[in-house]
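Novice: Sequence:
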Amino acid sequence: MERLPIIRNWFVFLVAFSFFVVFFKAFDYSALSADGTNSATSLIGVFVTSFNNLHARKPNHSLDVPQMFNQNASPDPLVDTDNPFIDVIESLDQANKLAVNKNTTMAARTKRPADSCEGRYIYVHHLPRRFNDDVLKNCSVLVKWLDMCPFLTNSGFGPQVENSEGVLSEKSWFTTNQFLLEVIFHERMKKYKCLTKNSSFANAIYVPFFAGLDAGRYLWGHNISMRDTLGSDLVKWLAQQPEWKRMWGRDHFFVLGRIGWDFRRQTDHDSDWGSKLMTLPESMNLTALSLETTSWSNEFAIPYPTYFHPSSDDEVFRWQNRVQSHNRRYLFAFAGASRPSANDSIRKEIIHQCLASRRTCNFLRCNSGGESRCDNPAEVIKVFQDSVFCLQPPGDSYTRRSIFDSILAGCIPVFFHPFSAYAQYTWHLQRDYWRYSVFIPIDLVKDGFVSIKQVLLQISDNEMLAMRKEVIKLIPRVIYADPRSKLETLEDAFDITLKGVLHRIGKVRNNINKGRDPSNGFAEENSWKMKLSGIGVEEEWDHFIDTSMRY
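Numbering (full-length UniProt numbering), first residue to last: 1 to 551.
A hint or two may mislead.
What the hints assert, rightly or not - Within a straight-line C-alpha distance of at most 25 Å, the following computed SDA-like cross-link-like pairs (lysine to any residue) qualify:
(1) Lys507 <-> Trp248
(2) Lys137 <-> Asn154
(3) Lys473 <-> Lys486
(4) Lys473 <-> Leu331
(5) Lys137 <-> Asn223
(6) Lys446 <-> Asp542
(7) Lys191 <-> Trp145
(8) Lys190 <-> Trp427
(9) Lys190 <-> Asn223
(10) Lys276 <-> Leu331
(11) Lys382 <-> Leu127
(12) Lys197 <-> Arg129
Simulated from the structure, these hints should not be mistaken for lab results.
Fair warning: this is a prediction, and the values are worked out from it, not measured in the lab.
Full structure from sequences and hints, please.
Specialist: And the structure:
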């Protein structure tokens, strides 16, 4: 009996010794962080928790990760939840995680916030004034038949529309001239949030040259030397800058406020049209943004400026709701004039069919009277608002500003040539063109084989409503918002254009990094098939792919 206390003491000692052996084997020393006070506090909490668990015998007392993300998670069948030492190990592991999480949180607080401009930085070349500001000084002669000075007001939007007789909404409507895209784009670029003064940080380089306004001064009655001088001087200036040598200009882009044909003169005869800006060797390394592209792959079309330049998302939403619910009295409409000097024009036939369907076709004759009615924003928008479909035949070139006026009014565009929109505005208009437009081959109309009215009457009401919905969804993508304010959730034509430019230049830079030739595919002629890829059946467009076709 005297040896019983001794045995009892040895038993207690062995149990205690076994306990601490298990304890130290399970212990993770990384829990002892540099912050000694908090680590000690954590360890005290571990012992208190472990002690309570040893007596309370509550399994799964600690945070269970599977159960945090899956309420139906079942216990691990390989874990003995009745073992008190498991509770101790889990508690120590939990303290470990808390200490690591604390350190991670502290590191996250001191870490630099994510750069919202990463991949979107743009450097603006500081050009000599003669390439932009000086061009605007003689604004009265920028276009032969029109004084452009009034249109340069309001960041290039022109005079504000004062009285629209209820046709237009609010105060964001302006008499905007279609040839002032260069000024409008430049004003928006000044407010772009990801500008950088360090060109080495830039993902793209913007060249604020007013090429279209310069060309417009000399297109009529001037020799080729006058038409070519400023453009030639520009590319020489660019090639001398250190930014050029980084990618030999392939990260540079600029805006042409006219159609691409105006910058691709084929000969050096004074009688030939346009300048040769886009045929210069340096220009082959530039990305050009124009109102209408040629077949060259370094040209991208962006929308003509419309009359609507909203200051907020709410203005856009209200206008979309308004055109969605507007009562449309006419089946189709046409705003334009005939082209008697153009033998291949289908406008004469379109006007003939429209006048023959007076009850269903709304015709706005643009050349009646001294000042064209088509220069009045309220008149144009009213005609398109009152009509379900809007005819958009080629004019002096494949495209026309009226395309975007009709979209703005919620009127479904009817195209007669794929180069009027489908091969042009690939960044801004959806590829499945049949969802937002109607296509009638130009030859069938020109030869009188097709009745436009009958084609449109075959479209069901449900199809028509679905198409109008898609058109109205396009409105934010084809307008240029007011640079004096900001759209919050919507992307306008400017935003989408920059995304397209940055994506294109990013692909070129990636090819360079992989050791590939960056010139492959950058500026190639006869790229209509590439621009039409993914739009309908390829064979449908084959007979249209002829660069000599002009309607």
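Novice: With reference to the structure, classify each hint as holding or not holding.
Specialist: Structure-based check of all given hints:
Between Lys507 and Trp248 the CA atoms are separated by roughly 15 Å; this keeps the pair inside 25 Å, and the hint holds. For the given pair, Lys137 sits about 16 Å from Asn154 by alpha-carbon distance, which is consistent with the 25 Å threshold. Using a Cα cut-off of 25 Å, the hinted pair Lys473 and Lys486 holds, with the two alpha carbons roughly 19 Å apart. Using a Cα cut-off of 25 Å, the hinted pair Lys473 and Leu331 holds, with the two alpha carbons roughly 21 Å apart.
Note on Lys137 and Asn223: the hinted pairing holds, with a Cα-Cα distance of about 22 Å set against a maximum of 25 Å. Only pairs whose Cα atoms come within 25 Å are accepted, and Lys446 paired with Asp542 is accepted, the gap being roughly 18 Å. With a C-alpha separation of about 32 Å, the suggested pair Lys191 and Trp145 falls outside the 25 Å cut-off, and the hint is violated. Between Lys190 and Trp427 the alpha-carbon distance is near 22 Å, which keeps this suggested pair within the 25 Å criterion.
Restraint check for Lys190 and Asn223: the C-alpha separation of about 34 Å exceeds 25 Å, so the hint is violated. Taking the CA atoms of Lys276 and Leu331, the gap is about 44 Å. The hint is violated against a cut of 25 Å. In summary, the hint linking Lys382 to Leu127 is not supported, as the alpha carbons are separated by about 42 Å, beyond the 25 Å threshold. For a cut-off of 25 Å, the pair hint linking Lys197 to Arg129 stands: about 18 Å separates their Cα positions.
Hint compliance for this structure: hints 7, 9, 10 and 11 are broken, all remaining hints hold.
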